[in-house]
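Participant: The lines below spell out each chain.
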Amino acid sequence: MNNERPDPDELLARVERDNAKAKRGRLKIFFGAAAGVGKSYAMLLAARERRAENLDVVVGLVETHGRKDTEALLEGLEILPTRKINYKGTLLHEFDIDAALKRRPSIILVDELAHTNAPGCRHPKRWQDIHELLEAGIDVYTALNVQHLESLNDDIGQISGIRVWETLPDTVYEDADEIELVDLPPDELLIRLKEGKIYLPQQAQEAINHFFRKGNLIALRELALRQTANRVDAQMLDYREDHAIREVWQVSERIMICIGPNFLAERLVRAGKRLAASLRAEWIVAYVETPQLQRLSAEKRDAVLRVLRTAEQLGAETVTLSSPEMSAAIVDFSRERNVTKIVMGKPSRRGWKRWLLGSLVDKVIDEAHNINVYLLGSSQSESKAQQASIFNRQPLPGLKNRLVKKRHLDFVWATLVIALCTLLAETMFGKFELANLVMVYLLGVVFVATRFGRGPSILASILGVAALDFFFVTPYFTFSVSHSQYLVTLAAMLVVAMIISNLMANVRSQAKVAAHRERRAAVLYAMSKELSVSQSEEDVVQIAVRHLHSEFSSPNVILFANSNGRVIYPAHKAIAESLLGADLSVAQWVFDHNEMAGHGTNTLPGTPAIYFPIHNEDKVLGVLALQPVNLRRVFLPEQQKLLETFLRQIGQAVTRLRFAEQAKLTHLQIEAERLRNSLLSAISHDLRTPLSTIIGSASALTEDEGHLQPQDKLDLSRAIVDEAERMSNLVNNILDMARLDAGVVQLKKEWHPLDEIIGTVLTRLQKHLTGRPVKVKLPPGIPMVFADAVLIEQVLINLLENALRYTPPASELEITAETSPSSVEISVIDHGPGIPKGLEDQLFEKFYQARHEAAQSGVGLGLAICRAIVEVHGGHIYAYNAANGGAVFTFVLPVDQPAPVMESEE
Amino acid sequence: MAKIDPVIIVIEDDPPIRRFLRTSLSTQGFTVFEADTGKQGIIEASIRKPDLVILDLGLPDMDGVDVIKAIRAWSELPIIILSARSGEQQKIDALDAGADDYLTKPFGFGELLARIRVALRHAIKPSEQMQGEVFVTANLKVDLHNRLVSVDEQEIHLTPIQYRLLTVLIKHAGKVLTQQKILKEVWGPSYQENAHYLRIYMSQLRQKLEADPTQPKFLLTESGVGYRLKV
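Residue numbers (the working numbering), protein chains in the order written: chain A, 18 to 923; chain B, 1133 to 1363.
Hint data in this document are derived by calculation from the structure and do not stem from the laboratory.
Since the model is a prediction, treat every value here as computed from it, not as a measurement.
Where a beta carbon is used, it is the ideal one built from N, C-alpha and C, also for glycine.
Treat the hints with care, since some could be wrong.
As the list claims (entries may be wrong) - List time: in silico SDA-like cross-link candidates among lysine to any residue, alpha-carbon distance up to 25 Å:
{"no.": "1", "chain 1": "A", "residue 1": "LYS784", "chain 2": "B", "residue 2": "PHE1152"}
{"no.": "2", "chain 1": "A", "residue 1": "LYS792", "chain 2": "B", "residue 2": "ALA1270"}
{"no.": "3", "chain 1": "A", "residue 1": "LYS40", "chain 2": "A", "residue 2": "ASN611"}
To be verified - If we take Cβ atoms under 7 Å as the criterion, some of the chain B residues that face chain A in the derived model are:
{"no.": "4", "residue": "PRO1238"}
{"no.": "5", "residue": "HIS1328"}
{"no.": "6", "residue": "ARG1331"}
{"no.": "7", "residue": "ILE1332"}
{"no.": "8", "residue": "SER1335"}
{"no.": "9", "residue": "PRO1345"}
{"no.": "10", "residue": "THR1346"}
{"no.": "11", "residue": "THR1353"}
{"no.": "12", "residue": "SER1355"}
{"no.": "13", "residue": "GLY1356"}
Go ahead and model the full structure; you've got the sequences and the hints to work with.
Facilitator: See the structure below:
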């Protein structure tokens, strides 16, 4: 009985994997040992079968190499046109990824998975094109020869003597949904070759002599078969896991590959990959950067970075550890991550050097008790290759000279310091014990060690011992020593001086590293501090661009997508640090795929800038385009980590702002909803009341059968007119408020004489003002106001109507104005009951009515409109009760430009 | 000679408003023809020999301003436009294109009738108030020949520009004049941007001619559009 249940986490991971796979297209690889085994043929046959099943099959690119039977199979299949690229005078036919994505078939055939694209294509490698097709949900059929697999590269090089340059990361092969092995025994393959079915005759002969030697073919076939068998094995394991068949993998293995800046690095990575694959283990490729290694030439550091990248492509996790002590860093990290096996290169120090100075390997073996350490040797031929290896290239001559000169100077200084010590010792000699003289020299060594580093301080130690011996130890002025006790003194002094040199040098380098880290932390802190108080995306962009520029000294720009998901240049102004002319199509690709692209990456490496996605947990928010002045400043591991942190910070800041915006919007929506509700209830009441009067009166008139007296008819008609006017006012008010609220009101601010505005208002209100004395008090001359006259008239009309509504008939109204150089103050004063206490501010709220039960109708928008108009003018409005009773409504308009001056005619 | 009923053409696409205009204008002794599109309106205006056109600016087929221009191509007959509220620019455009007056919807019939009478009177005789070379309205008297302005028989001294402004208003008495038009006639075409000049001179005129400048009797402001000398 099987009572072991599958691990829930494992199951979850499987479900997620299946989901991701379901959305992705399926990749089927026709896998063979060598060219000519019939991969393309098999692929086309399969395609024709799918076609017969009525599936949408399209040929993206198939290389027939002029083979007749293969070409025959192409017939009747839809073939996408290739993209023609002129490369150095040769017309190359490349697979057209954009055409394929646009065509969107359900299955597409793209031959030669390991192909390297011509410069100018989107991706440098075809497998990246295919990856994109799969991401787009298109199934892909493709073909691959075993010799192109990255991890087998070394083996195949050794077997065939031919180095294959077009390699495919193993992960692509491993992630394929289906592998179909196309197998042909070597003898048959050779016959086909000789028949000219694979290459043209003279090419064929060359091929037989080189790659297609029978021994080679057998070996390749074995590799292909084994590779396929491994995969079947892996599928079997998956199956067993699915069905809760627990077995051997109780302890998961974790392998750590330690690489250094030397020619072994690449081989170590490949070997590690194979080991990891065979053990089905996780693997980590680590590079320890000690202070010395930080001083390496740029080329060497770049080479290490490239190896780390390769490792990532092969499926490894990569880390760069920063520590002064290599072995300690390796052992600590491996403990931390429960590494079970360490793979390193064989020690480079041999013989006595290894014995005297120790070797990294020995230290690691000593310290890592329960971890197996594997060593990889280098063959004789590789030692020669080492000469050509990129790691051994000389740094630029100028740079080296400068460095060397500086070093020389340090050694001169060391010598000088010891000479000085000797002079000092000379003055002390005879008065002090020899031990005190030793102290003087040690002091000198400490000084040299702190100032000039390890080399000069070692020189100082040796020189110091020699000087002491020469000048102050009997017999004087010789290096010979008369007493054996002095020998002990000298030896002890040498040892102490050396140790001091070493310690001080370490302290120095650690201080340097610490200072470096501190600076980075400070940079990050500075940016996050600024970002945390940013108010808008524009702020975020400017802060980020500035800090990125100061850290990476590269012009850069942050791009966001518009509402259609298209990445666009920001509307706000560029600052000095901004990158102008970023390629928006690349940015769009990055935005859509959430992957970096551009210079130094695998996607569109031809563009001058690098494009990084900025994202939060859920989605891509924008794209950073950075045009590096120096690639290394961006791709060094610590710099890249820093950049990632920057991007995360920017992403968080943008997310925060968007959330805040969302919250504000929601709040506004709620407010709008509330208003709409009160508007509806107010309107429904205030529209219905006049409507009932109108309909009632009108129907009385139309249905009259001669009973109505002329006076009655007149009364009814007047009621209709009055109520209709009331409704008209109401509708006008609502429309005005809506327009003001929507912000569509365009102010036409001009200079207007106040008396003209008041005159217009009084003329318009003439009918309502009959029997109402209106007193106007204006300053002398022609006081002017800078405003939109139509709107300000509306304010006055509303204020006067309000006064008319709430004051007794025939009571007096007053309009007064006062001007100052900076403002105009206009008041409407009535002699009514005044404003109920405490309601002075509420009056200006929408839908507020002083007396709800009042017969006087109105939605309560009049004063709200006044406030809105005054506020768009930059002024304010308020109400209060005058000392002698009655209400005063005052609005103040700012005067922000000098009144026009008219030259007098008189 | 028998008095012939004045002919009015109503160009308006809204049937209830057309009905209201037809019914009420007919009872006032006008002969009314209707058109519901701009094109139809132009045709009616050309064949009916109308005395006045009432034109709604919001027509379905063409811009009201273009209708005015089309009619003005051959006729100086008075045109009164009907426009929506807060369409100041629309009114200005129509007036500049040659319309004589405007009414903002909704409007009362009395108001419409008054405007029609003014326009018709104006069309028959440039200004009824002109008695020879003398213009009279309310308590204002302007002797254009001798350049004498008096209010309540009291002579008023005006500056040259004030006087010129007054004569332009008198020339178009009763009609709405846009600010641009006045500026052009008084100051010349290069002063189009200086509307505040005009406003200040209007203020000065009111202070000299009106009893209470804040309750003007004849120098009226058409808010956001221009001025009118009431007759």
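Participant: Of the numbered hints stated earlier in the document, which are not met by this structure?
Facilitator: none
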